[in-house]
Amino acid sequence: MMKDHSALELNEPSSMVGTEQSSSVHPTPREPAYLFHSLLQWFITDWRTRKYFFFGALLLLINVSVTVAYYVNYPGVTFDADTPAYLVVAERLYTHPYLLVDAWRLPGYPLLIAFVYAFAGYRNWMAVSAAQDVLFVLATMEIYVLAILVFKRTWMAFLIGLIVGTNVILISYVKPIMSEGMALWLLTTLTLALVYYVHTLRLHAFWLVVVCLVLLVFTRPEWLYLPVPLFAFVLLVAVRRGVRWRSGLVVLLNIVVALTCIYTLVGIYIYINTRQNNYPGLTAVENFNLMGKVLQYNMQDEAPPQYAQISHQLDILVVKDRDPYHILPYVPALAKDYSLPAGTMARAIILHHPVEFLVKSLPLFPPSLTSYYDSIRPNIHGPFDEPLALMKSFDRILYQANVFFLLCIPLWLVLFCGRRLRTQQLPLERGSIFLGARLLWRRGPAAWRTRRNSQEFNKNF
Numbered sequence: 001m002m003k004d005h006s007a008l009e010l011n012e013p014s015s016m017v018g019t020e021q022s023s024s025v026h027p028t029p030r031e032p033a034y035l036f037h038s039l040l041q042w043f044i045t046d047w048r049t050r051k052y053f054f055f056g057a058l059l060l061l062i063n064v065s066v067t068v069a070y071y072v073n074y075p076g077v078t079f080d081a082d083t084p085a086y087l088v089v090a091e092r093l094y095t096h097p098y099l100l101v102d103a104w105r106l107p108g109y110p111l112l113i114a115f116v117y118a119f120a121g122y123r124n125w126m127a128v129s130a131a132q133d134v135l136f137v138l139a140t141m142e143i144y145v146l147a148i149l150v151f152k153r154t155w156m157a158f159l160i161g162l163i164v165g166t167n168v169i170l171i172s173y174v175k176p177i178m179s180e181g182m183a184l185w186l187l188t189t190l191t192l193a194l195v196y197y198v199h200t201l202r203l204h205a206f207w208l209v210v211v212c213l214v215l216l217v218f219t220r221p222e223w224l225y226l227p228v229p230l231f232a233f234v235l236l237v238a239v240r241r242g243v244r245w246r247s248g249l250v251v252l253l254n255i256v257v258a259l260t261c262i263y264t265l266v267g268i269y270i271y272i273n274t275r276q277n278n279y280p281g282l283t284a285v286e287n288f289n290l291m292g293k294v295l296q297y298n299m300q301d302e303a304p305p306q307y308a309q310i311s312h313q314l315d316i317l318v319v320k321d322r323d324p325y326h327i328l329p330y331v332p333a334l335a336k337d338y339s340l341p342a343g344t345m346a347r348a349i350i351l352h353h354p355v356e357f358l359v360k361s362l363p364l365f366p367p368s369l370t371s372y373y374d375s376i377r378p379n380i381h382g383p384f385d386e387p388l389a390l391m392k393s394f395d396r397i398l399y400q401a402n403v404f405f406l407l408c409i410p411l412w413l414v415l416f417c418g419r420r421l422r423t424q425q426l427p428l429e430r431g432s433i434f435l436g437a438r439l440l441w442r443r444g445p446a447a448w449r450t451r452r453n454s455q456e457f458n459k460n461f
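In my numbering, the protein residues as written are 1 to 461.
Hints in this document: simulated from the structure, not taken from any laboratory. Misleading hints may appear alongside valid ones.
Okay, derived cross-link-like pairs now, DMTMM-like style, lysine to aspartate or glutamate, Cα gap no bigger than 25 Å in a straight line [said to hold, decoys possible]: (1) K360 x D133; (2) K336 x E356; (3) K360 x D337; (4) K293 x D321; (5) K360 x D323; (6) K360 x D315; (7) K51 x E142; (8) K336 x D301; (9) K293 x D315; (10) K320 x E286; (11) K392 x E142.
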């Protein structure tokens with residue numbers, strides 16, 4: 001025992017000396033050299049294994065380079081027919097932040113504009129466009145992470161991110177002062193949060209999905225109907241993963257609380273809109289959208305008898321134009337009160353003829369996957385015209401290939417219902433991708449009418 005004790009005493013100083021020598025040579029955790037050394041070691045390890053950082057950094061560099069080239073090639077701020085309404089609300093929020101409710105525009109995108117004003121200066125529209133570019137870069141990197149989580153292949157995730165990050169047509173929707181850039185980022189974040197929830201089934205991931213949904217609902221009115229089917233999918237995921245009944249009750253309880261919170265906020269917004277603006281709804285744009293579908297399907301004559309005279313007026317007007325923004329000003333009975341009578345009439349037609357409305361909607365679904373607004377600037381040349389034109393030609397091929405996206409629906413159903421795959425996460429994750437991607441790529445056609453009809457407006461703004 002004495003021998004061992006003395007040996008320990010003899011060895012202890014040498015070990016202390018070694019520690020002192022090593023501490024004098026190697027940097028401490030507080031020194032910048034230590035942080036650099038740790039980062040370098042992590043990069044080397046990543047390079048020898050998955051190469052997440054390398055391909056992510058390369059994708060970021062390419063994405064930023066393409067977007068900067070597009071902004072340089074198309075200088076200045078691009079306005080849209082919807083831009084003035086957004087700017088009016090943003091200016092009011094900038095001066096009176098508590099006035100969130102407006103009869104025409106939801107507060108999501110105007111809040112982003114007001115936020116940029118606060119940091120970059122009042123009416124600094126170029127800064128707003130640049131902020132949307134940053135959101136596009138973030139969305140691209142989130143898609144890269146999303147693809148890694150689903151496919152577990154770095155090279156595949158890089159290619160998917162590259163297709164999105166160099167999509168010139170998509171960038172043409174991000175640059176103008178309109179809500180598409182913010183919507184793209186929100187939908188991507190929602191999809192990433194949904195896949196993360198499928199991976200972990202953790203409640204904080206679920207509530208991240210809820211936060212994204214709230215932001216979406218108050219950015220575009222059509223997403224008001226998304227929470228119910230999305231939460232049904234969340235509940236189905238929990239069931240398919242075989243969670244215990246107690247955990248299932250917790251998931252169900254959180255879904256009920258989330259739906260209550262979302263639609264309570266919507267109800268409060270509608271109540272304030274009714275009291276403040278005399279409009280009992282989210283936004284008057286809904287009335288134009290509903291009437292636009294009725295006119296597009298030539299269903300104005302299907303209205304109840306009390307609308308007979310108005311239907312006759314619409315029959316005369318639709319001979320030359322079916323755009324509700326052009327037609328409703330010539331029908332005062334429909335245009336008053338933020339066009340609320342137009343929305344009421346359109347809802348009555350749709351509710352009384354749902355089968356006809358559905359039958360006329362289905363043939364338009366496949367073409368909507370391949371339709372987009374192609375921004376063309378004639379007689380004005382930029383320094384990057386040739387490479388951007390080359391990338392756009394590839395993007396056109398991609399948009400035509402979107403029609404094959406319909407094959408993903410039966411394929412996912414087979415994967416989801418298969419007995420051997422019912423406990424695997426991959427079909428569930430691809431279902432999340434399907435839900436998010438369908439909404440993501442549908443944003444282009446949804447804005448096509450506005451972009452197309454705003455050419456004259458851009459000349460005179």
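Against the structure, the hints come out as follows:
1. Between K360 and D133 the CA atoms are separated by roughly 37 Å; this puts the pair beyond 25 Å, and the hint is violated.
2. Between K336 and E356 the alpha-carbon distance is near 28 Å, which puts this suggested pair outside the 25 Å criterion.
3. Between the alpha carbons of K360 and D337 the distance comes to roughly 29 Å, so the proposed pair goes past 25 Å and is violated.
4. For the hint linking K293 to D321, the alpha-carbon distance of about 13 Å falls within 25 Å, and the restraint holds.
5. A C-alpha spacing of about 18 Å is found between K360 and D323, which places the hinted pair at or below 25 Å, so the restraint holds.
6. Between K360 and D315 the CA atoms are separated by roughly 18 Å; this keeps the pair inside 25 Å, and the hint holds.
7. For the proposed pair K51 and E142, the alpha carbon gap of about 17 Å is at most 25 Å, so the pair holds.
8. With a CA separation close to 21 Å, the supplied pair K336 and D301 stays within the 25 Å bound.
9. In summary, the hint linking K293 to D315 is supported, as the alpha carbons are separated by about 15 Å, within the 25 Å threshold.
10. About 23 Å separates the Cα atoms of K320 and E286, which keeps this hinted pair within 25 Å; it holds.
11. Restraint check: the Cα-Cα separation between K392 and E142 comes to about 23 Å, which is no more than 25 Å; the hinted pair holds.
Violated hints, in rising order: 1, 2, 3; the structure is consistent with all others.
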